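Asks: These are the residues of each chain, in order.
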Amino acid sequence: MTATSSDRPFTVVSLLPRLLNTNGDAGNARVLAQRIRWSGHDALVVEVHSRADLPEHVDAVSIGSGTDADLVPARDALRTLVEELRVWSNSGVPILAVGTGWELLSWGIELADGSVLEGLGLVAGHAVPRAARATDDIIVASKYGRLIGFENHARDYVGAEASPLGRVIYGTGNADARGSGPQIEGLTMGEVFCTHLHGPVLARNPALADHLLQAAFTRSGLDYSRGARSESVDETARAARNQVAVRLGQLAE
Amino acid sequence: MRFVSSLRYAPAILVGRAVRVLARWRKPGGGSAIPGVVVNRIAPGFLAATLNGFPLGLVIVTGSSGKSTTTKMLVAILRAHGLSVFTNQSTANISQGLTSALLEQVSLAGTIADDVAVLEMDEGHGAFIAGSLTPRVVALTNVMVDQIDRFHDSEMVAALLAKIAARATDSVVLNADDRYLADLGSALEPDVAVSRYGVTAEVLAQYPRGLGYADTAPTRLPAGSGLQLTRVVGRDADVQFATGVHGIRLPARGIHYAVDALTALSTASATLGDRFVPAMACAALSAMPAVFGRGEVVTVGGKTIEFVLVQNPSSFQLNVDSLEPGTEQILVIIGSDVRDPSYFWPVNTSGLGHVLIASGLKAHEIGLQLAYDDVAVDRIEPDVPTALDAFLALPDPASGVKTIIFSADGMRRTRAHLGLVSNSEDPV
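So the sequences go chain by chain: V and Z.
Counting from 1, one number per residue, gives the positions in the first sequence under this note's numbering.
Counting from 1, one number per residue, gives the positions in the second sequence under this note's numbering.
Certain hints may be false.
What the hints assert, rightly or not - Simulated restraints, written as ranges between beta carbons of each label pair: (1) V/G114 with Z/A376: 47 to 55 Å; (2) V/A207 with Z/R209: 53 to 61 Å; (3) V/Q250 with Z/D114: 38 to 46 Å; (4) V/E56 with Z/Y207: 28 to 36 Å; (5) Z/A201 with V/Q250: 50 to 58 Å; (6) V/R167 with Z/T304: 47 to 55 Å; (7) Z/A408 with V/S232: 41 to 49 Å; (8) Z/E328 with V/R8: 33 to 41 Å; (9) Z/R209 with V/E235: 29 to 37 Å; (10) Z/T304 with V/S225: 44 to 52 Å; (11) Z/A408 with V/G121: 38 to 46 Å.
Quick caveat, the hints were computed from the structure, so don't treat them as lab data.
Because the structure is a prediction, the values reported are computed rather than measured.
Positions of the beta carbon are idealized from the N, C-alpha and C atoms, including for glycine.
Please construct the entire structure, taking both the sequences and the accompanying hints into account.
Replies: What follows is the structure in structure tokens.
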């Protein structure tokens with residue numbers, strides 16, 4: 001299955017960008033493709049709205065966040081791709097899922113009216129309503145550096161305690177701080193990364209993007225190295241992160 | 001009857017005026033909403049009673065985007081038809097601001113000399129106060145997913161608009177190209193007239209990314225069933241009326257201004273009925289000066305600059321797509337008003353090609369987005385005055401004019417730094 005990429009471009013799939021792109025999360029597919037190009041390889045983004053759009057090879061997958069009005073159509077569309085999603089996640093294809101895109105991969109979503117929308121059951125845990133919407137900057141300490149983003153969600157996530165993406169330094173993350181245990185954000189499972197950090201999380205946090213790209217390159221028997229253009233763009237990202245960090249009383253990087 | 005039960009509100013009006021004098025005494029030029037707060041507290045019925053008392057009634061303009069421009073266009077058209085119009089800028093505290101503005105002009109009997117009131121209303125606050133109002137005409141512009149922190153989805157926005165539309169006593173004017181509004185129109189009570197307007201399939205085809213609506217209606221308005229926009233080229237547009245085609249000159253380039261004009265013309269027609277004269281309406285529209293900061297061309301120190309205000313992702317996209325090809329000097333200023341930098345990521349900014357300076361509090365954030373869209377950014381300078389000075393110091397471009405694309409905060413800082421006269425129509 002490990003196709004070499006010398007004879008074909010890297011293919012980044014953007015799943016359901018019409019339904020799941022409220023905050024420009026689908027832009028994460030564009031970020032991955034650009035960084036691949038800047039590293040000296042061809043890359044293309046394939047928008048997948050239904051099975052008919054599926055490309056032959058898939059090197060990375062981005063799933064964005066949508067509105068609650070689109071939860072059912074998005075879930076139903078994702079269900080038709082559940083076999084592919086399972087194969088990708090089991091074979092180490094990096095997948096980024098943001099917000100409701102993540103919730104739909106879980107066991108299910110408990111809605112404010114008490115009903116439950118069944119998820120795809122690909123990752124552990126489920127989403128439950130919050131008392132008040134969490135809308136603010138968020139800072140997370142992770143293996144991939146200090147991640148800085150923006151969260152805007154009306155539900156908590158329960159059941160990610162075994163393998164979170166990181167620990168919350170500022171913000172809400174999966175749930176408000178409780179008496180026991182650390183306050184955590186996100187979920188990881190192999191190369192599947194789920195997070196509340198919406199919008200261009202990979203542009204603002206290129207270390208996480210490069211981890212996903214390293215996974216994709218390794219599957220193709222290649223080594224990923226950051227291109228020169230990435231280096232200057234990453235300086236801009238660092239300045240953007242530092243501005244938020246300093247405003248929230250944290251040290252600059 | 002225009003009289004609001006004779007002198008019922010006279011004491012409250014007098015108190016409000018006294019408060020206004022005191023507020024201005026304490027803080028010259030300020031305190032404009034305070035009298036409204038007081039009067040709304042002591043006479044809660046004053047606002048609705050006065051607004052409902054105009055001889056030609058109350059006209060409400062609401063929707064996600066285009067309200068301000070549409071309202072100004074509508075007022076210009078009605079005034080050209082000889083009407084005296086009471087109008088007010090939408091503010092966050094619409095009830096208090098309106099009450100204060102009405103206090104300036106109301107007689108002690110609670111009446112105002114104007115013929116008609118035209119009000120721009122934010123969908124949220126509009127739905128909140130609509131229950132007490134009886135507008136004769138309600139105009140709906142569109143449903144766009146923009147203010148993601150406040151209105152979480154299109155259904156919620158559509159429901160708020162439906163609540164306002166349900167108060168119309170005479171007619172509802174709506175954008176037939178917006179699927180949510182088209183559906184809303186079909187569900188209205190039969191005793192209210194529905195005036196629809198829309199663009200032709202040819203016009204829509206010019207905009208491959210659509211017109212920015214949360215959902216575009218699958219079909220176009222059939223010819224002859226309402227005002228149609230049949231052509232848009234630069235600042236010129238053609239509108240098909242029942243009696244024939246008329247050309248209009250828009251206050252700025254862009255399809256959204258053309259649709260705003262169409263909304264204003266349809267609403268004027270619904271408001272004036274037989275008195276509506278298309279040629280007069282189009283002439284009034286074409287004579288309007290550019291709305292400040294929304295495509296206005298200004299001259300500063302001998303340099304010509306075009307201002308482009310982006311208020312939400314849809315208007316950002318439409319402005320990028322409408323930019324004059326070959327514009328070689330672009331400054332982008334995104335300020336503190338864009339709370340969440342993710343906000344603009346759905347926009348494809350690649351059409352900008354080359355940006356000389358990214359500025360504002362969110363300079364790095366917008367610089368990051370531009371870089372990933374393959375737009376060359378020469379410099380990132382968060383300090384707005386420094387960026388403006390550097391931008392203006394450059395010799396005039398060989399092609400296009402110096403163009404500044406800014407958020408509302410960027411606009412305020414730009415105006416302050418360049419010493420441009422404050423626009424009296426701007427919200428205080």
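Asks: For every hint, state whether the structure bears it out.
Replies: Hints, one by one, checked against the model:
Taken as a hint, the range 47 to 55 Å holds for the pair V/G114 and Z/A376, whose Cβ atoms sit roughly 52 Å apart. At about 32 Å, the CB distance of V/A207 to Z/R209 disagrees with the hint of 53 to 61 Å. Checked against the hint of 38 to 46 Å, the C-beta distance between V/Q250 and Z/D114 comes to roughly 55 Å, which is inconsistent with it. Checked against the hint of 28 to 36 Å, the pair V/E56 and Z/Y207 passes, with Cβ atoms roughly 33 Å apart.
In this structure the hint that Z/A201 and V/Q250 lie 50 to 58 Å apart at CB holds, the actual value being about 53 Å. As the Cβ distance of V/R167 to Z/T304 is approximately 53 Å, the hint placing it in 47 to 55 Å holds. In this structure, Z/A408 and V/S232 break the distance hint of 41 to 49 Å, their C-beta atoms being roughly 30 Å apart. Evaluation of the 33 to 41 Å hint for Z/E328 and V/R8 yields a pass: the beta carbon distance comes to about 37 Å.
Distance hint check for Z/R209 and V/E235: the Cβ-Cβ separation is about 31 Å, which falls inside the suggested range of 29 to 37 Å. Taking the beta carbon of each, Z/T304 and V/S225 are about 46 Å apart, inside 44 to 52 Å as hinted. A hinted range of 38 to 46 Å holds for the C-beta pair Z/A408 and V/G121, which are about 45 Å apart.
Hint violations for this structure: numbers 2, 3, 7, all remaining hints satisfied.
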